[in-house]
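Enquirer: Protein sequences, first through last, are from chains E and S. Residues in the first sequence are numbered consecutively from 49, following the working numbering. Residues in the second sequence are numbered consecutively from 49, following the working numbering.
Hints may contain errors.
The list makes no distinction among identical chains, and a pair is therefore deemed to hold if it is satisfied within one copy or across any two copies.
To be verified - Straight line, CA to CA, 25 Å or less: simulated BS3-like cross-link-like pairs of lysine-lysine:
#	residue 1	residue 2
1	K137	K106
2	K137	K65
3	K152	K65
4	K142	K73
5	K65	K106
6	K130	K64
7	K65	K179
8	K179	K130
9	K179	K64
10	K64	K152
11	K152	K106
12	K130	K65
13	K64	K77
14	K152	K77
15	K179	K142
16	K77	K106
17	K106	K148
It is worth saying that the hints were derived from the structure and are not from the lab.
There are 2 protein chains.
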Amino acid sequence: MEQRLTIITLGVTDLKKSIDFYENKFGWKRSDMSNDDIVFYQLNGIYLSLYPKDELAKDATVGSIGNGFNGFTMAHNARSEKEVDDLIKSFREKGVEIVKEPHKAFWGGYSSYIADPDGNLWEIAYNPYLKID
Amino acid sequence: MEQRLTIITLGVTDLKKSIDFYENKFGWKRSDMSNDDIVFYQLNGIYLSLYPKDELAKDATVGSIGNGFNGFTMAHNARSEKEVDDLIKSFREKGVEIVKEPHKAFWGGYSSYIADPDGNLWEIAYNPYLKID
Numbered sequence: 049m050e051q052r053l054t055i056i057t058l059g060v061t062d063l064k065k066s067i068d069f070y071e072n073k074f075g076w077k078r079s080d081m082s083n084d085d086i087v088f089y090q091l092n093g094i095y096l097s098l099y100p101k102d103e104l105a106k107d108a109t110v111g112s113i114g115n116g117f118n119g120f121t122m123a124h125n126a127r128s129e130k131e132v133d134d135l136i137k138s139f140r141e142k143g144v145e146i147v148k149e150p151h152k153a154f155w156g157g158y159s160s161y162i163a164d165p166d167g168n169l170w171e172i173a174y175n176p177y178l179k180i181d
Numbered sequence: 049m050e051q052r053l054t055i056i057t058l059g060v061t062d063l064k065k066s067i068d069f070y071e072n073k074f075g076w077k078r079s080d081m082s083n084d085d086i087v088f089y090q091l092n093g094i095y096l097s098l099y100p101k102d103e104l105a106k107d108a109t110v111g112s113i114g115n116g117f118n119g120f121t122m123a124h125n126a127r128s129e130k131e132v133d134d135l136i137k138s139f140r141e142k143g144v145e146i147v148k149e150p151h152k153a154f155w156g157g158y159s160s161y162i163a164d165p166d167g168n169l170w171e172i173a174y175n176p177y178l179k180i181d
């Protein structure tokens with residue numbers, strides 16, 4: 049199978065609340081593929097999509113109940129430590145939950161974590177070894 | 049914040065088992081950023097990374113316990129319905145869990161789901177409205 053990931057779909061408990069988070073805290077613009085039931089954000093090469101958790105589970109024919117750590121993180125890499133600090137400052141001002149304050153990481157980077165309304169973790173990081181186009 | 053996602057990290061319970069899945073069932077090649085503790089696969093514009101779940105939770109300073117539906121799916125879009133069928137046939141032969149057989153979806157596409165060793169769901173789909181480069 050080709051090394052390709054087309055869409056990450058987050059199953060959300062409150063679509064309006066999640067849309068508010070991604071559009072008003074992150075400042076992202078939705079793609080015109082979006083409709084009242086599902087929202088898409090075009091990122092670098094992939095889409096992030098928001099869809100009600102119950103509906104997502106139903107589509108995959110799995111149970112919708114889940115608790116605790118959901119076992120994955122998404123990382124947004126910034127271009128400098130300052131950009132990480134600035135993003136976290138701005139998120140704090142907007143009332144976003146800061147899960148871990150920016151800190152020097154053992155792997156040589158600079159890292160922090162925030163949570164979206166469903167507790168999905170976004171690492172906001174600077175990695176000097178990874179070039180951002 | 050720019051509309052960018054750099055890395056998706058899956059917190060896995062058995063790193064060797066997950067590596068076997070992504071390298072021998074999916075046939076993916078790891079990036080040279082990988083080491084004994086963490087593995088990266090370069091995809092279209094982003095990396096998928098595998099990291100022990102306990103370590104990932106520790107890094108994010110959250111509890112590592114989680115059960116049930118983890119609330120997200122990853123989609124790999126193929127270029128045709130036949131390619132979806134061929135991929136699912138090949139996964140079945142390799143012993144991959146087929147969660148949902150390929151079917152015509154209400155949104156006009158053709159969709160199926162498989163699970164990785166931790167139950168992370170991959171939708172294998174064809175979407176006639178979405179161009180794959």
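Enquirer: Going through the earlier hints one by one, which of them does the structure break, listed in rising order?
Expert: 3, 6, 7, 9, 10, 12, 14, 15, 16
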